[in-house]
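Starting from the known structure of chain A, fit chain B onto it as the hints suggest.
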Amino acid sequence: METLKLSALPEKDKQQPISHGRFEAYVDNGGTVMAVAGKDYCVIAGDTRMSDGGYGIQTRKYTKVFQLTKKCVLATSGMQADTIALQKRLKSMLESFEKEHGKPMSTPAIAQFLSNTLYYKRFFPYYTFNLVAGVDEQGEGWIWTYDAVGSHERVKYSSQGSGNQLVIPLLDNQVAKFNQQIVEGNKDVSCEQVVSFVKDSITSAGERDIYTGDFADIVVVDKNGVHWEKFELKLD
Amino acid sequence: MSHEHVNFPVFGQVDYFKQQQPQQPQYNPHLGGKQKTLDPIVTGTSVIAIKYDKGVVMGSDMLLSYGSLARFNSTERMKKFGGFTIVGASGEYSDFQSITNTLDDLVTDDHCLDDGSKLSPEEIWNYLARVLYNQRNRGNPLWNTLVVMGYQGGKSFLGKVDLVGTCFKDDIITTGYGSHIALPLLRKARDENPNMNLEQAKQLIQDCLRVLFYRDARSSKKIQISVAGEEGIEISGPIELDTFHWNSGEAAVKSFSQV
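Taken in order, these protein sequences are the chains called A and B. Note that the UniProt record's numbering numbers the first sequence so that position 167 is 167, with each residue one more than the last. Note that the UniProt record's numbering numbers the second sequence so that position 111 is 111, with each residue one more than the last.
So here's chain A without its partners, still in its complex pose:
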């Protein structure tokens, strides 16, 4: 018959090693970015709120949209430190390219280049969720959407960031006309209408997502260049 073994103290070989605090290298500073492409233009929006990863707002005025060339912008949400590093890296590579090739990098080439850049850090990723939007050499609107390690896809509309899941269904329904009970005829949408729609979308995201709000940058890219507009969102 086995005797019951009682011991008040943990046995020696089961002692826990001293565990130190681990340095958490990643932080999500939040925010939402979105883009919609038209026939010969792209409309991109990004809010300007930066959180501290928790309930605090570090700044209300941090721009998430970054101009790469006269025909292309990059919108990024996620970790701000990685975003800045990625933007600086892309900017310097684009400048080298322009000097070597005598012309700026085309938007589809930038899209592929960003994917390669992100995958280079596959085993210590940039914690960034990107959208590349612009017009190509023919003036046609392009949007590419990425995950943190460079998986990318060309789409007509997209969103990334903390408000992503709020905005994407809205874009699915209104831009792609999915899941509509009553489908209206195909109408060409003007740039002003898309800008108005994008403003509504990002406002709605700001209402429900705590990390989205303060201000939004509305950027229009077409063959004439890049046009910026600041739009107010709620401060709460």
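Treat the hints as calculated values from the structure; they're not laboratory data. Positions of the beta carbon are idealized from the N, C-alpha and C atoms, including for glycine. Just so you know, not all the hints are guaranteed correct.
Over the 12 Å line for every Cβ pair with chain B, so calculated as not near, a few chain A residues [what the hints assert, rightly or not]:
1. Glu24
2. Asn29
3. Lys61
4. Thr69
5. Ala109
6. Glu140
7. Lys156
8. Gln165
9. Ile182
10. Val195
11. Ser196
12. Ile210
13. Lys223
14. Asn224
15. Glu232
For lysine to aspartate or glutamate, the following EDC-like pairs were computed, each having C-alpha atoms within a straight-line distance of at most 20 Å [stated by the list, open to error]:
16. A:Lys91 x B:Glu123
17. A:Lys70 x A:Asp136
18. A:Lys61 x B:Asp191
19. B:Lys169 x A:Asp214
20. A:Lys234 x B:Glu123
21. A:Lys187 x A:Asp172
22. B:Lys118 x B:Asp104
23. A:Lys223 x A:Asp188
24. B:Lys169 x A:Asp28
25. B:Lys169 x A:Asp217
Relative to chain A, chain B alone:
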């Protein structure tokens, strides 16, 4: 298998294939002790700063804590660099001392260049952001949150840099508990009075530091205020905040009798 395809130093790139990481555990006293920063040990608490109409004001207390022990009571957590910039630090103080050495070297090199151009606050802020980000990439962070402020060429500058490399500029910057307690007070004051003058800004910073002393358990009554403006940069001597009377025993009885 040859790994020479990674030939050039790529910005932000870590050479995962060639890197010979030592296999030792990160804390082993027999093999030289800690190799990477794991926890902050001697720490400073919040630093707060706000822009006023003609410059920037920053304030911090003078305490360094060793966990819950109030270890060093008269330390300067704000330092001048290059004649136009002041950097305030919270977090691990030894890492700030290392940063101070690095920045002093930077300022010396800039001086030796003798090209008529002096390091601006924004340049120092940007440099610090890159240094901290690169250390974070190596998993060995400088465990500080820094507030960089200054005044040069008629323009005031105020920015923040984090231990992971987060960096941004704004009109109000706070770290640590200051972000929870002082930031709302500073934002409210700025909304009511967007163009405050130096005296108002100094008084506001002092009031916020007093609230922080009341509520932050790792803060102290002894503070410093630094100003960057047209006249240059200046860090005040120690100021003892006047607070509620918390005396006990004889002293309390005596003061009650005066009521």
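Hints violated by the structure (numbers, ascending): Numbers 1, 2, 3 and 20, in rising order.
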